[in-house]
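Engineer: Sequence:
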Amino acid sequence: PISGSMILAGILLKLGGYGLFRVIPLIYINFINFNYFFVVFSLLGSFYISMVCLLQSDVKSMIAYSSVCHMGMVIMGLMTLSFWGYSGSYILMLGHGLCSSGLFCLSNIVYERVQSRSFFVNSGMMTFMPSMSLMWFLFCSSNMASPPSMNLLGEIMIINSLIGWSSLLVYFLFFISFFGAFYSLYLFSYSQHGNFYSGFYSFSYGYVREYLLLFLHWLPLNVLIVSIDLFILF
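Residue numbers 2 to 235, in my numbering, belong to the letters of the sequence shown in order.
The reader is advised that the hints may include incorrect statements.
With a straight-line Cα cutoff of 20 Å, these simulated SDA-like cross-link-like pairs (lysine to any residue) come out [as the list claims (entries may be wrong)]:
#1 Lys61 with Tyr112
#2 Lys61 with Ile164
#3 Lys15 with Tyr66
#4 Lys15 with Leu95
#5 Lys61 with Pro26
#6 Lys15 with Pro26
#7 Lys61 with Ser117
#8 Lys15 with Ile25
#9 Lys61 with Ser119
#10 Lys15 with Pro221
#11 Lys15 with Phe42
#12 Lys61 with Met130
#13 Lys15 with Ile3
#14 Lys15 with Ile76
#15 Lys15 with Ser58
#16 Lys61 with Leu214
#17 Lys61 with Ser124
#18 Lys61 with Ile25
#19 Lys15 with Phe204
#20 Lys61 with Ile8
#21 Lys61 with Tyr49
#22 Lys61 with Gly125
#23 Lys61 with Trp219
#24 Lys15 with Phe232
Don't read these hints as lab results, they were simulated from the structure.
Use the sequences and the hints to build the structure in full.
Structural biologist: In structure tokens form, the structure reads like this:
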């Protein structure tokens, strides 16, 4: 059921980050001594998972792996133990919770009509569901941290804190950002463009409740950036 995936991506996955927010002040000295281990482990994990995303043939699997990659960025930001890292992780968790949940909803909207999550069947969806292509574009662009989404500000702050922590990380961060944009573009272009599956003989509209649900994900994701001082941790 898609409700489980949306709650998992939007709320439950962020509880781990919230737990770190609560625990780090209690054992701050230990994190100072061992934070390099968590940073390196999360960095290599995000780098590996971002490449694994490009090997997926299942839409839902790609979205799930991209969530893991973004949460690796959150842990790296937290483990720098800096103002920029803390605030960037907080903002990225909020932004990614909205973005990832919306992408899971979009994949289910297509699955309910096509009965498949495979890229080979879901190609050419712009022909099958033309009214949903805009939503796919908006959420895929937000997933690759394009302005004015909260993901952009969160990633800028995390990358800034990581480079301040160690300038050697800039090469890995470059590839993580590059592959992040790569698989988001791949998700949109392969699912919306290309050859239309020959087994379909009609096109489908979306329901009003589906557009409302997606809009209520997209609106705070891109509008809250104007009030970002509410989320900066002083």
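Engineer: Any hints from earlier that this structure breaks? Give me their numbers in increasing order, please.
Structural biologist: Failing hints, ascending: 2, 5, 15, 18, 19.
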